[in-house]
Amino acid sequence: MKNIKRWLGALLCALMCVLLFAACIAGNPGSSAGVTDTPGKPDCVTGVTDAAGNPDCVTGVTGTPGKPDCVTGVTDAAGNPDCVTGVTGTAGNPGGSTVDVTPTPTPTGTSAASDGNTPNAPDKLAMKAGDVYRIFLWSNTAENQYVDGLTGGIRAGENRYRWLKFQEQYGVTVTWIANPGGDWMQQVLATAASGEPICDIYHMGGPFIIPPSLTYGNTKVGYYYENLADYAEYADFSDNAYWDQSAQETMGHYDGKFFVAFPQEVGWGSVAVNQVCFLNKTLLERGGHSANEIYNLYKEGNWTFDKFRDIAKDCTNVDRGIYGTLIAQNGMSLLSLITANGGSVLTPDESGVPKFTADSKKSMTAINYFLDMCRKDKSVLTDGSISQQEATLFKSGSVAMMLTYANRVTEGEGPRKGALYQQQDIKYGIVLPPKGPDAQDYMSDKNWSIPISVFKGHENPAGVVQCLNLYMRPLYALGSEESNLALEIDAVTYFQDEESIKVLHDILEKNVSTSYMVYWAQTIDGISLAGVTTYGIDMWIKGESTPEVDYAAGKKAINGILSGLYNGR
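Residues in the sequence shown are numbered consecutively from 70, following our numbering.
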């Protein structure tokens, strides 16, 4: 726990820093903790200077002299304005503000940004003063809501400050357009097809949106989109610290062209949708094992399929309704193990079109290994099959180990304290999924990502692509001191021991971005990738069919669906 205390010490130092500039990040009145403003003058960030050594000010944001930084219209429990000073309300109650009072780490040399919020000016500028760049984000229901300083949780204020600074630095206008409502995807894509897109930068929201977006109207893939590679002299998307190279390779390139960029996420977001193995420490002990035993196996490189299987058997007590593990929603345990053995559900061909490869040797080894646990060992909870809500079952004490997303630790969080991390009576930890016999190292499946593209139609497309590259990339480099500190802040909230927190940091080196979730629900004639890959597991367990038989029967159809998506139908 010494490391945690050290980080928390850094956290307190960072908190002092953030209180000095919290006023400017939300665009609300004045200063905090004794820092005052000049009335009617730009709100400046104490200690942060521009290139000329002068205070770094945000044009148009003014404050009230000597007043604490309050959020207009937001009150605390006593009904008084919610102020940053002390991070409590006037009556001593915690403030109700959603403005970012979480420490924003001070930038170091590992993050290429001029002030931690806006990148340094590029060598070759494509953006032009006066340009307007419009961004679509499905959750943005009113114009510029995303950057209003109130929306967006703990990063709300930071989002606003960065937006203001970017526009000031380059003399451009960045507008987060309002979601038109209804079937927003169809509406957005219809405007692109008309030649007058509603936006220039299209934040798709999730990987499953990629196929219908890139092939809208049965056009050739990417017909309405800019090839980002055409603007390489203005925008570099090749730095893995800021742009997910694995995701871009498997989900962003088609027919030799680069249509979709995938920004990395920092802090908790960088690991939240990666696969881990949750451990119920109490159930492990009842089965004759311990979390420390597994932590040691993990650190030694000996946390393997065989060890996972043995421990799952020992922890199973069918009479008491306790199992070593479970299938999980969509068969996530199976999918996690496929990646952990170096297998894949889909693999792109030379043109970028994915092909079905769940029938490969490495994939089938993992699948049949898991089926043996179900059929022979009886150590897998199979009731509910692919519809299982794994986090709920884990919290109920039904399973000792759970392969799923790391963010299942927060599922159900709220005032009723339904999340795993909010339930003090459950002792748990995590490691990465066990290493398969065909794998050289641990691997953590990441099947969710943030796809962003640029529509054709802007009079300065190079400027739009450069705006995407500079403004939409993460605030800090993945793995930087700032990103690690942001991760640590959440980690000490969500996880109970130092070993688990170390595992979260390991994910950054063991990440494998997979593409199958992009096509999971694509269906033709009742056949889908999801249906073929995992939905037959009940019949496989009962011996009514086998994955080999079902894959052989469905492979041609799946490849036909995927080819049809990208070659037009």
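These are calculated hints, taken from the structure and not from any lab test.
Some clues are possibly wrong.
What the hints assert, rightly or not - In silico DSS-like cross-links for lysine-lysine, where the CA-CA straight-line distance does not exceed 25 Å:
1) 447 / 611
2) 571 / 350
3) 447 / 376
4) 430 / 624
5) 445 / 197
6) 525 / 197
7) 326 / 376
8) 376 / 430
9) 445 / 430
10) 447 / 424
11) 326 / 382
12) 193 / 350
13) 197 / 376
14) 424 / 625
15) 289 / 496
16) 326 / 424
17) 625 / 368
18) 382 / 445
19) 447 / 431
20) 382 / 496
21) 193 / 525
22) 430 / 625
23) 382 / 447
24) 525 / 289
25) 431 / 525
26) 376 / 431
27) 197 / 350
28) 368 / 197
29) 368 / 350
30) 624 / 289
31) 430 / 525
32) 579 / 424
No experiment lies behind these values; they were computed from the predicted model shown.
Structure-based check of all given hints:
1. 447 / 611: Distance of about 12 Å is within 25 Å: holds.
2. 571 / 350: At roughly 17 Å apart (the allowed maximum being 25 Å), residue 350 and residue 571 satisfy the hint.
3. 447 / 376: Status holds; Cα separation ~16 Å.
4. 430 / 624: 15 Å, holds
5. 445 / 197: 66 Å, violated
6. 525 / 197: Since the Cα atoms of residue 525 and residue 197 sit roughly 17 Å apart, the hinted pair holds (cutoff 25 Å).
7. 326 / 376: Violated - the C-alpha atoms of residue 376 and residue 326 are around 44 Å apart, more than 25 Å.
8. 376 / 430: Holds, at roughly 21 Å.
9. 445 / 430: Holds, at roughly 21 Å.
10. 447 / 424: 33 Å, violated
11. 326 / 382: Cα-Cα ~49 Å, so violated.
12. 193 / 350: It is violated: about 55 Å lies between the C-alpha atoms, which goes past 25 Å.
13. 197 / 376: Answer violated: residue 197 to residue 376 is near 59 Å, above 25 Å.
14. 424 / 625: Roughly 10 Å separates the two Cα atoms, so the pair holds.
15. 289 / 496: Roughly 52 Å separates the two Cα atoms, so the pair is violated.
16. 326 / 424: 18 Å, holds
17. 625 / 368: 42 Å, violated
18. 382 / 445: 10 Å, holds
19. 447 / 431: 23 Å, holds
20. 382 / 496: 20 Å, holds
21. 193 / 525: 21 Å, holds
22. 430 / 625: 18 Å, holds
23. 382 / 447: 8 Å, holds
24. 525 / 289: Between residue 525 and residue 289 the Cα gap is close to 14 Å, so the pair holds against 25 Å.
25. 431 / 525: 41 Å, violated
26. 376 / 431: 18 Å, holds
27. 197 / 350: This hinted pair is violated, its Cα atoms lying about 58 Å apart.
28. 368 / 197: 52 Å, violated
29. 368 / 350: 18 Å, holds
30. 624 / 289: Since the Cα atoms of residue 624 and residue 289 sit roughly 23 Å apart, the hinted pair holds (cutoff 25 Å).
31. 430 / 525: 42 Å, violated
32. 579 / 424: Holds, at roughly 24 Å.
Going down the numbered hints, you'll see the structure goes against 5, 7, 10, 11, 12, 13, 15, 17, 25, 27, 28 and 31, while the others check out.
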